[in-house]
Each structure stands twice: as structure tokens, then as C-alpha cells.
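Participant: Positions in the sequence shown are counted from 1; adding 208 to them yields our numbering.
The set of hints was computed from the structure by calculation and includes no laboratory data.
Where hints are given, some of them may not hold.
[As the list claims (entries may be wrong)] Simulated restraints on C-beta separations:
(1) ALA355 with GLY240: 33 to 41 Å
(2) TRP441 with ILE251: 28 to 36 Å
(3) ALA269 with TYR308: 26 to 34 Å
In this text the structure is predicted, and so the values were computed from the model without any measurement.
Glycine included, every Cβ here is placed at the ideal spot set by N, Cα and C.
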Amino acid sequence: MLTQLRLTTTKYGAITLTNLQNQLAYIWDALGRAVFIILIMFIFVQLWTAVYQSQNTTEIAGLTLANTIWYFLIAEVMELGKIRHDTRITEEVRDGSIAYTLVRPYNYLAYHFFNGLAEGGVKMVLIFALGLPLVLYYAGSPTLTWAHLPLVLLVMGLAVLLDFFVLSIIGLLAFVTEDTFSFRLIYQKLVFILGGLMIPLDFLPDWLQGTARVLPFNLTTYAPAKLFVAFEWAQFRQIVGLQLLWLFIFGAVLLWQYRVMTQRLAINGG
Numbered sequence: 209m210l211t212q213l214r215l216t217t218t219k220y221g222a223i224t225l226t227n228l229q230n231q232l233a234y235i236w237d238a239l240g241r242a243v244f245i246i247l248i249m250f251i252f253v254q255l256w257t258a259v260y261q262s263q264n265t266t267e268i269a270g271l272t273l274a275n276t277i278w279y280f281l282i283a284e285v286m287e288l289g290k291i292r293h294d295t296r297i298t299e300e301v302r303d304g305s306i307a308y309t310l311v312r313p314y315n316y317l318a319y320h321f322f323n324g325l326a327e328g329g330v331k332m333v334l335i336f337a338l339g340l341p342l343v344l345y346y347a348g349s350p351t352l353t354w355a356h357l358p359l360v361l362l363v364m365g366l367a368v369l370l371d372f373f374v375l376s377i378i379g380l381l382a383f384v385t386e387d388t389f390s391f392r393l394i395y396q397k398l399v400f401i402l403g404g405l406m407i408p409l410d411f412l413p414d415w416l417q418g419t420a421r422v423l424p425f426n427l428t429t430y431a432p433a434k435l436f437v438a439f440e441w442a443q444f445r446q447i448v449g450l451q452l453l454w455l456f457i458f459g460a461v462l463l464w465q466y467r468v469m470t471q472r473l474a475i476n477g478g
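Please model the entire structure based on the sequences and the hints provided.
Facilitator: As C-alpha cells, then:
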């Protein structure tokens, strides 16, 4: 049992390490793609500075301007650092190469997760590092304590896994629809609006907040960003509970979908 676990850990660790080396080999390309976060954050800073000034207040829904600026940096880190593997799955289904990748000595979805983990991690670090000087200049240091940092990182990790489950489901829909762009677009827009990417949920009307907070979209973006700027134990417990619930739901759907699709592929002879 322990030997098998060790071999599995070594195998998927090697996948992550290999892709990490590839990402670092082309770090300047990745840096060039991530540099636009400076422009995005500058626009957000100017926009929300104007909003707070127009309201003649230092807080809106319990968030100061500095909190809001930090919130958007973390939200962008989470969004832009996502594992974008659904398009690869769709392409493999459409060109038939999935028949070959499925017979390789690893779990197909686990491969995509650990392979994408390296790319997503590099993007997250670059985006945070590039946006940090601007945010420090306009908002100062974050209020997050070192004691709460591991808990926020836990929520971030669960957020990445939850988003991976959703995008995997979308990618595997290619077995039925061939083109999954519309599903991906709908999901992205729901994250933008109900996930807190464009505006924190705290600023939404009460009736919409209640709905948005129980849906999974906010758990991948809003949740880690909000805890980073204003950590509360009650909200932390609620967020982790909802993340685990939705992970169970989407995990069950994904497991069923994966079995059906692989059986269909086997019946059709690849």
C-alpha cells in the first residue's frame, strides 16, 4: 500500500516537475503574457478610487479602498492562474488522440491536473509579483496575518481543485457536443458576475448576494480573495464547507461522466 502510494506520488510529481522545468525554460514568454496585469490593476485602482471618492466614504460594505485593491489582485491571480486543460481535452476528443492518451500508465484527469499545476503555479506567482508593486504603492501592506495565511492557502488550493473539476466536466462534454466553447463561455461569465471577479459579492444587492454565496462560482475567485483581505473564522468555515460540498457533487458527476465516456470510447473501438 505504502509502496504503491510512493510510486504514484513519484509518478505525478515527475509530471509536475517536468512541466515546471518547461515553464521556467520559457519564463520570459510567460512573463510577457502576464505583464498586462499591471494595466488591469492600474485600471481597477483608478476605477475604485473614483467610486470611493464619489461616495465620500472610507468603507463600502465593510471593505476599505485598500482592501478592495488587494481583493482584485488576489481575484486576478486566481482567475488567470487557472488550469486551462478543458480546451486540450476537447481537442484530443475531436482529433481522436484521446484514444492513445487514455491507455498510458496514468490516470487521464490526474495527468492533466498535475501537468497544469506547474503552469498555473508559475502564472500565479508571476501575476502576483507583477501586480504587487502597484498594489503596495496604492494600498500599502495587506492586513492578513501570518497565522491566517495557511488557511487562505488551503482555500486557494480547494478553489483550484473545484475549478479543475468544473472545467474537466466541460472538456469531456466534447464526447457529446464536439465543440465546448459555449459552455466554457457561460462558465466564465458566471464567474465574472456571480464569482466576484468583476465586483466583490459584498457590493451586490442583498437578494443576489444570498444566491451567489451558495453557488460554486464564488468559491473559486471571491472566497480566497475575500479571506485574504478580511479573514473571518465564521466565513472561513462556511467557505470550506461549501467548497467540500461542491467538490463532492462535481466529483461524483465527473466520475460518472468519465466512466461513461471511456466506456463509449472502448465500445467504439477508440
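Participant: State for each hint whether it applies.
Facilitator: We went through each hint and held it up to the structure:
1. ALA355 with GLY240: 33 to 41 Å: Given range 33 to 41 Å: holds, Cβ gap about 37 Å.
2. TRP441 with ILE251: 28 to 36 Å: holds (34 Å)
3. ALA269 with TYR308: 26 to 34 Å: 52 Å Cβ-Cβ, so the 26 to 34 Å window is violated.
Violated hints amount to a single one, hint 3; each of the other numbered hints is respected by the structure.
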